[in-house]
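Chemist: For reference, the chains in residue letters:
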Amino acid sequence: MWRIGLKMLMGDRAKYFTLVGGVSMVVFLFVQQGSVFCGLIGRTAKPVEAIGAPIWVVDRNLQVVDEFKGLLDTDLLRVRSVEGVKWAVPLFIRQAQVRLPSGKFQAVRLVGIDSATLVGRPPRLLEGRIEDLNAPDAVIVGRAEMERLGSPKIGDTFEINDRRARVVGIADVPRDFLSNPYLYTTFERAVQYVPRERKLMNYILAAPKEGYPIEQVLENIRRTTGLAAYDEDGMRWLTMNYYMRNTGIPVNIGISVTLVFLVGMAIIGQTFYAFALQNEKYFGALKAMGASSWKLVGMIVLQSVIVGLIGYGIGAGGGALVGYLGGRGAGKLAFYTPYQLLIIAFVATMLICVLSSLLSIQRVLRLEPAIVFRG
Amino acid sequence: MAKATAIAPADKHQPVTTAPAVFLRQVNKSFGVGNTYLPVLKDINLEIRRGELLLLVGPSGCGKTTLLSVMAGILDADDGIVDVFGTRVDRLSQAQKTRFRQQTIGFIFQQFNLIPTLTATENVAVPLIINGYPYREALERARHYLDLVGLGNRLDHFPTQLSGGQQQRVAIARALVAEPRLVVCDEPTAALDGTTGQMVMEMFRKVALSSERAIVVVTHDNRIFPYGDRIAEMLDGRIVSVHDNPNHIR
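Going down the list, the protein sequences come from chains S and D. Be aware that the first sequence starts at 1, since it is given in my numbering, and climbs by one per residue. Be aware that the second sequence starts at 376, since it is given in my numbering, and climbs by one per residue.
One chain only, chain D, in its complex shape:
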């Protein structure tokens, strides 16, 4: 797998951790409406490896986004184990989850959710500012990440001055700037045309994947399937299969 080549030379004397990046065991989640409870996640068991990009696919309403939210500490599981890089997320208080998200999770959203009144640099700096970085330092680092995603010449542009693909690249820079260990992406190419979507995913794989990071992508877009190392299929709240991607671009 390509992830072996992603280990930086400096890491070669470090002990190799083989524990999964994300470990979910018997995770259930339901939403209550009045006296009725609608189970959305049913006995989810899943392991996501370090250094892999996992695609989470399935029909609408099957629970993909809910699963992503549970992994990211946005939603609480009703029961089960949610372990992300050794942290038992299911045991954290809300304040601890907030801190956990700050330090561990990077987000990429379908609609980018870039703040329209901030420049590209400022948008990318937001997670650092939330983390308490000094403003100037955060901007400096944000510029570096925008450079990485090929937007070094769009630093002071506002989101409305950027194309959809450029906006998603800003969002990718924002998701990575705080160097999170888990990046969760919800339909990252849904608002992009096919070519742009593939370009964005190609760039994303190149910039984001590392041996100490895992990426989970929820998608309906089969054009980006080749960019995943493995594919987990969901149906009706359950994971029905997890398999290596036969069409994986390496």
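Pulled out of the complex, with its shape left as it was, chain S reads as follows:
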């Protein structure tokens, strides 16, 4: 019977392509919107990944990595003295203004790392050497958004807060939510690039000693210093949760996704129903010939599952392709498709297809085989 079901489905090319096209479009939009959401929210935490440290110690009231709540120099010493802490170094992150040779200004994310250990350095250097960061006026530029600084090369210079900065390296740094270029330099130099403040250090990066569970060390730091301490994942989620709570991103994309779901269900449901109506007399004939209602229900479910699977494949593939094309190279599309999103999209697709076919199923269950004798 399943062969008959499939032939009934695929033989009517127009309806079949409408159904598969409808499901593909729904999945495409679902995956695309969901991936944009994940991409945008994920970008809010990119500074955490761009710096990378096992433990982040911050002010207790810090809500997001983009806030600048200063710490005391003594806090660094106190963290170093906590049981289980292997090392702790200061970190400085601020927004700064770069004056370009053209005279224009460009906001950058300035990262000042510990000059002795270079902890917090960029994840991967594309050009130059990390050791050169200790040279006078040295900065390393993140490749993402680098064109906004005039795509500088090694040796190029510009001004930050009336001080000279010289590019000694290009780093592979992920694009973040604010989409400002990254400039890495040493802690000591970074504090000179921004207007003077009372508290300069705003993060302490640390690592646990071998044999100490990170959770235990985090708890020790919290208890001993009164500061907040997170592992890298915790710091990422602190930031992402902040943006999810305090921006319209989830609501806006949530509305889009809900609309996609509802419109998709309406279109697919209507097409399935039209398909069932059109085939009613054939279903009636099959019933008269001895096909049980449940066999016909099985046929309809199979048809909807097949449409769902093919539509899912095309839609998810299309969504991922758009993300790939839009996000690669200099592409600025915030796009991240976690496997969980694909699972949710799959379940949602199957749900849409099965719910949509319920109308047809109900019609087939109520169908009198005597319908076949109506001329």
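Simulated from the structure, these hints should not be mistaken for laboratory data. The structure presented is a predicted model; accordingly, all values stated were derived computationally and were not measured. C-beta: ideal position from N, C-alpha, C; glycine also. Some hints here could point you the wrong way.
Claimed, not checked - To give an idea of the chain D side of the interface with chain S (calculated C-beta under 7 angstroms), a few residues:
# : residue
1 : Ser444
2 : Leu450
3 : Arg466
4 : Leu467
5 : Thr473
6 : Gln477
7 : Asn488
8 : Pro502
9 : Asp561
As the list claims (entries may be wrong) - The list that follows gives simulated cross-link-like pairs (lysine to any residue, SDA-like), each with its CA atoms no further than 25 angstroms apart:
#  : chain 1 : residue 1 : chain 2 : residue 2
10 : S       : Lys15     : D       : Ala565
11 : S       : Lys295    : D       : Asn528
12 : S       : Lys295    : D       : Lys417
13 : S       : Lys295    : D       : Arg511
14 : S       : Lys15     : S       : Leu358
15 : S       : Lys281    : D       : Asn420
16 : S       : Lys7      : D       : Asn528
17 : S       : Lys295    : S       : Tyr273
18 : S       : Lys295    : D       : Asn506
19 : S       : Lys7      : D       : Gln486
20 : S       : Lys281    : D       : Leu537
21 : S       : Lys281    : D       : Ala566
22 : S       : Lys295    : D       : Arg516
23 : S       : Lys7      : D       : His519
24 : S       : Lys7      : D       : Ser538
25 : S       : Lys209    : S       : Ala228
26 : S       : Lys295    : D       : Ala470
27 : S       : Lys7      : D       : Leu493
28 : S       : Lys295    : D       : Ser538
29 : S       : Lys15     : D       : Gln486
30 : S       : Lys295    : D       : Gln536
31 : S       : Lys199    : S       : Asn61
32 : S       : Lys15     : D       : Thr535
33 : S       : Lys7      : D       : Tyr508
34 : S       : Lys7      : D       : Asp451
35 : S       : Lys295    : D       : Arg556
36 : S       : Lys199    : S       : Arg223
37 : S       : Lys7      : D       : Gln536
38 : S       : Lys281    : D       : Ser585
39 : S       : Lys281    : D       : Asp451
40 : S       : Lys7      : D       : Glu512
Fit chain D to the given chain S structure using the hints.
Modeler: Below, chain D without anything else, positioned relative to chain S:
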């Protein structure tokens, strides 16, 4: 009667069953609309013999199709006995009726009801597939039946690629492929022109009739009356006469 010649030589040592193929006694059927019940079949008594083609005729709305549906186990009679080849259809559950239709009844419809996305072979194979036959085997047998109705050269044609007469021949092959003992036909020639209708009936009689099968044809088309062994006339829900066909083509 011609049916005597239809007994296959291999059957000659088998005991002869004289029980009617279809036995209806005091069958009533009404349809309810709100609190009103409209009687459609009234005290129907009818016997259809094995090996005969019975024409069921009468004006529109007299209950012919309802009677056909009751015989085929598609509609339930309100009361009375409905016995088809020894099976008390009126006592079967819905699931048993479904199984009964699979195994015992072949259908030919006025509008053919061939599934447009299936080829002629696949359409004919449908009853076998419903019966649980392996797909390839069902197709093989379907091809044989299409050969029998003279469509061996149209096996892979879709219904839209066939003429009305050819489509009805496909429908006949489909009705016979599972070798049902009772074939019910509702206005089988209504959608065909006169000549084609007669050709189809001629072929149908030749292919379908056998000593162990009965055929009931509901029709308005008096051009096919000669193809019936007997004619049952209905009027206002009752069978008013059953008589041998004086113009029968033998």
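Chemist: Could you run down the list of hints and mark each one as holding or not?
Modeler: Cross-check of the supplied hints:
1. Ser444: holds (5 angstroms)
2. Leu450: Result: holds, 6 angstroms to nearest chain S Cβ.
3. Arg466: Where the cut-off is 7 angstroms and the nearest Cβ of chain S is about 18 angstroms from D:Arg466, the hint is violated.
4. Leu467: With a closest approach of 12 angstroms, the D:Leu467 hint is violated.
5. Thr473: holds (5 angstroms)
6. Gln477: Constraint on D:Gln477 satisfied, holds at 3 angstroms.
7. Asn488: holds (4 angstroms)
8. Pro502: holds (5 angstroms)
9. Asp561: holds (5 angstroms)
10. S:Lys15 with D:Ala565: With Cα atoms ~30 angstroms apart, S:Lys15 and D:Ala565 exceed 25 angstroms; violated.
11. S:Lys295 with D:Asn528: violated (32 angstroms)
12. S:Lys295 with D:Lys417: violated (35 angstroms)
13. S:Lys295 with D:Arg511: holds (20 angstroms)
14. S:Lys15 with S:Leu358: Status holds; Cα separation ~18 angstroms.
15. S:Lys281 with D:Asn420: Answer violated: S:Lys281 to D:Asn420 is near 31 angstroms, above 25 angstroms.
16. S:Lys7 with D:Asn528: holds (22 angstroms)
17. S:Lys295 with S:Tyr273: holds (18 angstroms)
18. S:Lys295 with D:Asn506: This hinted pair holds, its Cα atoms lying about 11 angstroms apart.
19. S:Lys7 with D:Gln486: holds (21 angstroms)
20. S:Lys281 with D:Leu537: holds (19 angstroms)
21. S:Lys281 with D:Ala566: At roughly 16 angstroms apart (the allowed maximum being 25 angstroms), D:Ala566 and S:Lys281 satisfy the hint.
22. S:Lys295 with D:Arg516: holds (22 angstroms)
23. S:Lys7 with D:His519: Roughly 22 angstroms separates the two Cα atoms, so the pair holds.
24. S:Lys7 with D:Ser538: Cα-Cα ~22 angstroms, so holds.
25. S:Lys209 with S:Ala228: holds (19 angstroms)
26. S:Lys295 with D:Ala470: holds (12 angstroms)
27. S:Lys7 with D:Leu493: holds (7 angstroms)
28. S:Lys295 with D:Ser538: Distance ~31 angstroms between S:Lys295 and D:Ser538 Cα, so the pair is violated.
29. S:Lys15 with D:Gln486: Given that 25 angstroms is the threshold and the Cα spacing comes to 23 angstroms, the pair holds.
30. S:Lys295 with D:Gln536: Given that 25 angstroms is the threshold and the Cα spacing comes to 29 angstroms, the pair is violated.
31. S:Lys199 with S:Asn61: Since the Cα atoms of S:Lys199 and S:Asn61 sit roughly 15 angstroms apart, the hinted pair holds (cutoff 25 angstroms).
32. S:Lys15 with D:Thr535: holds (17 angstroms)
33. S:Lys7 with D:Tyr508: OK: S:Lys7 and D:Tyr508 at ~18 angstroms, within 25 angstroms.
34. S:Lys7 with D:Asp451: violated (32 angstroms)
35. S:Lys295 with D:Arg556: Roughly 24 angstroms between the alpha carbons, so the hint for S:Lys295 and D:Arg556 holds.
36. S:Lys199 with S:Arg223: holds (22 angstroms)
37. S:Lys7 with D:Gln536: Answer holds: S:Lys7 to D:Gln536 is near 17 angstroms, not above 25 angstroms.
38. S:Lys281 with D:Ser585: This hinted pair is violated, its Cα atoms lying about 30 angstroms apart.
39. S:Lys281 with D:Asp451: holds (20 angstroms)
40. S:Lys7 with D:Glu512: Distance of about 18 angstroms is within 25 angstroms: holds.
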